[in-house]
Amino acid sequence: MQKVNNKWLKLGIEVVVLAALFTLVQYLITAGLLKQYYQISLASMCINVTLAVSLSLINGFTGQLSLGHAGFMAVGAYIAAIMTNMLDLPFITGILAAMLGAGLAGFIIGVPTLRLKGDYLAIATLAFGEIIRVTLQNIGYVNGPAGIMGIPKFATWPWLFGGAIVTIVVIVNLINSSYGRAIISIREDETASELMGINTTKYKVLAFVVGAGFAGLAGALYAHYFYIIKPETFNFLKSFDILVMVVLGGLGSTTGAIIAAVFVTALTAALQSFPAIRMVLYALILIIVMIYRPQGLMGNKELSLRTFGRIWGGRH
Amino acid sequence: MLEFTQQIVNGLSLGAIYALIALGYTMVYGIIKLINFAHGDIMMVGALVSYFSLTLLGTNIFVAMAAAMIACAVFGVLIEKIAYRPLRNSTRIAALITAIGVSLFLEYFTIFIFGPAQKVFPASAFPIKAYALGGLSVLNKDVFVFVSAVVLMIILQYIIKWTKTGKAMRAVSLDQEAAVLMGISVDKTISITFAIGSALAAAAGVMLGIYYNTVNPLMGIIPGLKAFVAAVLGGIGIIPGAMVGGFVMGLLETMVSGYGNSLYRDAVAFGVLIFILLIKPSGIFGEDTGEKV
Amino acid sequence: MRIGKRIALLVMVLFVFSIAAAGCGGGTETDDPAGDVIKVGVNVELSGGTASYGTNARDGALLAIEQINKDGGVLGMQLKPIERDNKSIADEAMSISAALVGENIVAQIGPLTSGDVAGSTPVMMENKVPLIAPAATAANVTVDDKTGETRDYIFRVCFIDPFQGTLMAKFAAEDMNATKAVIYCDNSSDYGKGLAQYFEKTFTENGGTILAQEGFVKDDRDFRAALTKIKGLNPDFIYVPGYYQEVAPLIKQARELGITAPIGGCDGWDSPDMVSVAGNEALNNSFFTNHYSSQDKDPQVVEFVEAFKAKYNKEPDAFAALGYDSVQIMVQGLKDAGEADSVKLKEALEKITDFAGITGNMSIDEQHNPVKAGVILEFKDGQQVMKTRIQP
Amino acid sequence: MDDINLMEISKLEKSFGGLNAVQDFNFHIAENELVGLIGPNGAGKTTVFNLITGVYKPDNGCIMFRDENLVGMAPHTICTKGIARTFQNIRLFNDLSVLDNVKIAAHKNVPYSLMGAVFRTPGYFRGESEIEAEALHYLEIFNLRNKKDELARNLPYGEQRRIEIVRALATRPLLLILDEPAAGMNPQETQALMELIRYIRKEFNLTILLIEHDMSLVMGVCERLYVLDYGQIIAEGTPAEIRADKRVIEAYLGEDVG
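Residue numbers (the working numbering), protein chains in the order written: chain X, 41 to 356; chain B, 130 to 422; chain S, 7 to 398; chain Z, 326 to 583.
These are computed hints drawn from the structure, not numbers from a lab. Among the hints, a few may not be true.
[What the hints assert, rightly or not] These stretches of chain X come out as covered by chain B in the derived footprint (C-beta under 8 Å, 3 or more residues):
# : segment
1 : 156-170
2 : 273-284
[Said to hold, decoys possible] Derived BS3-like pairs: lysine-lysine, alpha-carbon spacing no greater than 30 Å straight-line:
# : chain 1 : residue 1 : chain 2 : residue 2
3 : B       : Lys296    : X       : Lys157
4 : B       : Lys270    : S       : Lys317
5 : X       : Lys278    : B       : Lys409
6 : X       : Lys242    : B       : Lys409
7 : X       : Lys242    : Z       : Lys433
8 : B       : Lys409    : X       : Lys157
[Claimed, not checked] Have a look at the derived ranges for each label pair, beta carbon to beta carbon:
#  : chain 1 : residue 1 : chain 2 : residue 2 : range
9  : S       : Asn291    : B       : Ala261    : 42 to 50 Å
10 : S       : Pro305    : X       : Thr196    : 49 to 57 Å
11 : B       : Ile199    : S       : Pro305    : 45 to 53 Å
All residues carry an ideal CB built from backbone N, CA and C; glycine is no exception.
Start from the sequences, fold in the hints, and give me the full structure.
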C-alpha cells in the first residue's frame, strides 16, 4: 500500500468519499428512487451515529459511565421543538439552542456528579435522566406526557447527514489533540493524570458538556424528523440503547461507535419482520456479542484508511 | 395525625417490598460488583413460577413460594454460568451490557411464551384481612411482607457473617485472587451468591404477586430500578443498608405523594439519591475507602 | 479456543445476515399475484411499555380478518395481515408504516396510543393510505390543532376524550348528586389527562368543585399514599380515568383504606381483570363510561366474545374489541368502495354511517371520529350492569 | 544550608483512622539538590510524597514551595507549580502509546486553544509538532525513541519505569519526585539509572527527591538523606553521616548494611 500518511491526501479521500455518499443519497431521494422506508432508516442511522459518537466521548474516551444520555437528547429535542413549533423561529436557531441547552444541562449535571466514580456515577446520571423525563411530563407548556405533536419536518437529509458529520469531525478533532489526550488519560488513570498537571474535573466536565451538546443536536434532529416527541421516548431504556451501540462498537473507538450505530439501526430494521421475537433476538445478539467480543467490535482501535489498505494489500 | 400515621404505615409496607428486592440486588453487587439489571426480571420469573404453581398445580402459597425460590436459584446459577461467567475478566461495562441483554431476554422471552397481558394472582392464595387500629388500616399482607423482609435480612446477615459460605463470600468480595490462594472456590462461591440472590428475588416476586395480585412480564423493571436505588441509598453491598434504603425510599415516596405532588414522586426519589451520593457516595451505611496511590 | 471463538463469530455474523436478508426479502416474499389478496398493515405495540394494549388489539384485529376470510373475504379476495411491532416508540411506528406502505397495504390498523399514531401519521398522509386507530383518543389525532383541518387519512373507532369525560361528569353531578369530586388520573397518558380535563370542565360547570387532582403513572402499583390523602379530603365522587392494569389495584387499595365514595372511570377500565384483581366487593359503587359491555346480551357481542375466547383462550378487553371493529369498519369501507384502493377506501370510510360494530353503532363524522352511543356501566357484585345509555 | 530552599516542609502531620502515618515532619530541599528519603517499609515515605503532591490533604503543617503554601491545592495545580512525580507501582496510561504518554504530560503547556483543536487552525498543527518534537527529544535522552509507537502496557518493566520518569520530566518540573525508581531492577539497570538521574539533573537543572530501597543507589547518588521511621524523621545528613548513625542502623540499616 502506498503512503496514505500524508494528511492532506487522507483528508482529500475522506472528503471525496463523504461527498459522494451524500450526493448519492441526495440524488436517490430527489429522484424518488429511495423507498421512504429506507429514507427513515437512514435518518435513524444519522441520529444514532450522532448519539453514539457523542456518548462515546463520555463513556469511551473519558471513561465516565453515563446512563443519562437520553435525558440530554430530550432537552435538545424539546428546546428545538419549542423554538420552531411554538415560537416559529428558524430551524438553525432551534438546533443551536438545543445544543447550548443540552450542553448547559450537561454542565449543571456534570459538575456535581462527575466527582462520583464508576457505578455510582452511572446511577447518578441515570437518576438525572429520569428526573429530566419526569419533569417534562409535568410541564403543561409542552403538553406533559402527550408531548409535542406536529413538529415541522425540517430535518432533511442534508441536515441529518451534516449533523452526524459535524459531530464526528468535532469529536475526532477534539480527541486527536492535546485536549483529547488529556481526556483519554483520565480514562486510563485518573490519579496519574491529575498528577501530570491535568485538571481532571475540568476535562471530565468538558467531555460531558460536549457530549451532552451533541446529544442535544441529535434530539433536535429527531424532533424535526419524527414529527412528535414525548417524554416517554427518552426514558432510561433509550439511554441503554445508545450505550449498547457504544459498547458494541468498542469503548474508545469513534469508528466503532459509528459502525455499531449503523449496525444496530439496520438490525432493528431487519428484525421488524419478526414482530413476535424481535426483542428476544436483539437481546440474544447483545449477549452473544458481549460474551465473544467483550471489548466490542473495534476494541479501542480505529478503522482507518490504513486498515483498509492493509486488508486490501493482504498484510496483517 | 391519624392521616400521618397511616402514611407511615403505607410507607413502611411499600418500603418493605423495596427492601426485599434490594437485599438480593445488594448481595450480588457486594460479591461480584455487577449491577445485575436482570434482578427485577428474575423476580418476575419467580412470581410467574409461583403463579403457575398456584393455578396449575393448586398448591398453597408456601409451597408456591418454595417452588419459586428453588426454580429461581437454579435459574440464577444458570444465568451466571452462561452469561456472566465468561465476562468475569472483562470490563465491568461489558458485564453491565450483558446484564441489560439478559434483562431484555427474560422480559421478551416471557412475553413470547405467555403473552404480555397480566395474569391475576388467585385471591384465595392469600386471603386478605384488614385490621383497623383506631381508624388506622393495616392489612395482614403488610405485616407479612414486613416480617418476611426483616426475617430474610436476619437470615442473610447470619449467613454472611457466621457461616463458612458467608466467609468465603466476603473473601471473594474483598479479593478474588487472594481468596483462590486461601483455597476458596471462586466459581462455587459466586454460584451460591447468585443462587441465594435469585431465591431472594423470587421471594420478593411472590410477595409482589400477593401484594398487587397481578403478575406481568414487565413487572420487574420499575420495582427493580427503585430497589436498586434503595440499595445504593443504603450503601450497596451492605445488607442492613439495603433494608434501610428500602424503607427510606418507601417512606419518601409515600410522603411526597401524600403531602406534595404525587407526580414528582419519582423525581424526588431520584433527587434524594443524587443528594446522598454527592454527600456520601458510599451510601448511608457505606464506608468511604480512599484510593491507594 | 481461538478457533472456537472465530467459528462462533462467523456463525453469529451469518445468523445476523440471514435475518437481515430475510428482513429485506420480506417484500418479495409477500408479492403474491396481483388481485389475489388485500394486504392490511397491523402496526401495533407488541413490546415496550404498552405491549399489552397492542397485543390485545392485534388479537382482535386478526380474529376479524380470520372470520372475514373464512366467510369468503372481501371483494372476492382474501385479507392478508402484515403484522409489525413498533416497540411502543413513535419513530418505530413511523418506520414500520413506511415499510408497510412499501408493501402496498390498503390500510393500516394501529398503532394504539395517540403518540404512536402521531408518529405514523405523516407517512400515511403522504402516501394516501388510511390509518384506522383502534384506541388513540387524543383530539388532535385526527385533527391538526394548528390549522383545524382534518387529517385526511387518519380515522379512529374509539371515543375521543371530551365525550367520555363530559359524560361521566354529567353522570356524577346529575345522577349521583356529587358536588365535591377528586380526580386521580393516569398522568403518563394523554388519555387519562384528556379525560380529566373534560371531566373537570363539565363538573365545575354543573356547580361542583374539584377538591384536588392527583396523578399516577403507568405501571404504578401502590396508590395508598395519594388515596390516604384523598380519604382525608372526604370527596363524594372520585374520578379515575386510566387503564385497568392500574385502576384495578387502585380501587382495591381505596376500599381497603376505607374509602366508600363512588368511583367513576372510562373505557380503559373494560377488562375481565378488573373483577379478578379488585374483587367483587371493592368494585361495588363504581361506574364507567364505555361503548359496549363484554357482558352485553347483544348477539353480535356474544358471538365476538365466544369466538375470541375460543381462539385465544382469554377474555377480550376493550382493546381487543376496538381492534376487531377497526378491521370490520375497514372491510365495510372496502365493500362500499367496491375496489381495494386506498384513496377510494378513504372516501368510503368518510361516508360510513350506522356501522354496526361490537363497540356500538357508529357513523364517521367530519373529523373522522366515530359518533356512537355511550353507556354507563355499574359494577354490581362483579357484574357489569347497564346504568344508562346516552345517544350522542 | 543554602539560603534559597526550593521547598520547606514544617510540622506536617497526617493520620489515617487514628494511626499516625506522618507526624512532626520537617524537611527542606535546596535548589538543584538531590535528596533521598529512606526508611523501612511502612515508615510513611510514600505518604509524604502523596502529601506533597496533593493526593492527600495533610491534617496539619505547611508545605512551602517557592514561597507558596501547597497545602490545599489540587494535585494538578501543584504539578503546574513545578512538581512532578513517579509512582511506586507504575501508573502509566497503559492503553496509549509511549509517545502519547509523554505528550499528555506536556498538556499543561499546551500551545493552542480548544477551538484551535476543533477547527484545526494552523496554530494547532504548529503546536502539535512542537509537542511531538519535545516528547521525542525526551524519549531520545532515555533511549526510548524506537519504542514510541508501542503500547505502554507491552513494554518490559524496566522500560516502563524509565517512561514514567520521562513522562514526569515532560511536565517540565523544578522538583522531580521519584518513588522507588529502581524497584525491581537488576544491578546493571540500577547503575544505568543512577547515571541517568545524575545526567538529567544536570541537563534540566533539576532538584530531585527520591525514595529508594536500594541502598547502593541511595548512597551513591544522594547528597543528603532523611531517614523516616514510624512517620517521624529519626536522622538527617550526608550518606556518610547516615551510615554512622546508630539510630538508623538500629531502625533500618542494621540488617542491610551490617
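Structure-based check of each hint:
1. 156-170: Coverage by chain B holds for the segment 156-170 of chain X (11 residues, Cβ < 8 Å).
2. 273-284: Held - the segment 273-284 of chain X has 4 residues with a Cβ nearer than 8 Å to chain B, which meets the minimum of three.
3. Lys296(B) to Lys157(X): holds (28 Å)
4. Lys270(B) to Lys317(S): violated (37 Å)
5. Lys278(X) to Lys409(B): holds (29 Å)
6. Lys242(X) to Lys409(B): Distance ~22 Å between lysine 242(X) and lysine 409(B) Cα, so the pair holds.
7. Lys242(X) to Lys433(Z): Status holds; Cα separation ~13 Å.
8. Lys409(B) to Lys157(X): holds (12 Å)
9. Asn291(S) to Ala261(B): 42 to 50 Å: violated (20 Å)
10. Pro305(S) to Thr196(X): 49 to 57 Å: 54 Å Cβ-Cβ, so the 49 to 57 Å window holds.
11. Ile199(B) to Pro305(S): 45 to 53 Å: Holds - the Cβ-Cβ distance for isoleucine 199(B) and proline 305(S), about 50 Å, lies within 45 to 53 Å.
When the structure is compared with the earlier hints, violations turn up for hints 4 and 9 and for no others.
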